[in-house]
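Asks: Please model the complete structure; the sequences and the hints are all you need to start from.
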Amino acid sequence: MASNGQLITAFYTSFRNKDYKAMQDCYAENAVFNDEAFKNLNSEEVKAMWEMLCKSGKELSLTFGNVTENETGGTAEWTASYLFSRTGKRVVNNVYAKFVIQNNKIVKHTDTFDFYTWAKQAFGTTGLLLGWTPYFRNKVQTAARENLDNFMKKK
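The opening residue of the sequence shown carries number 1 in UniProt numbering; numbering runs sequentially from there.
Source of the hints: derived by calculation from the structure; they are not laboratory data. Misleading hints may appear alongside valid ones.
[Unchecked claim] When the alpha-carbon atoms are kept at most 30 Å apart in a straight line, the in silico DSS-like pairs for lysine-lysine are as follows:
#, residue 1, residue 2
1, K98, K139
2, K154, K139
3, K58, K154
Replies: Structural data, given as structure tokens:
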């Protein structure tokens, strides 16, 4: 059985290689995922999210490091660089990930990043002016959810 740190490393190595199937295998059937754009995704939804991002990510590159582990999970820091599909703007997103792991599977995965910094990169002037507002964050979350729902319907 792999250690929690090995599981986290395998997850991000798979992400870097755009191997969404290997990423999906890291999650338990009762997994929950949250980040600044996607809220309370269940296992099926988070697996579909990674597939969608791997398949649609334009010029996606990823680095990761500072993987830590403990008996209940671990953490990692990762950076994704990509073209944001809605605007075509380059985004470099620095993310802190926290994991709860049981039986060598991720049961809770929470990514945090500076939403305002992301919004300024992804939306330019609009993000600069509105990216700090709850209204704008809600609009992004709604659009992200709709994109995921549409992706899942097409599968």
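Asks: Now tell me, hint by hint, if it's right for this structure.
Replies: Comparing the hints with the structure gives:
no. : hint        : in the structure
1   : K98 - K139  : 25 Å, holds
2   : K154 - K139 : 23 Å, holds
3   : K58 - K154  : 20 Å, holds
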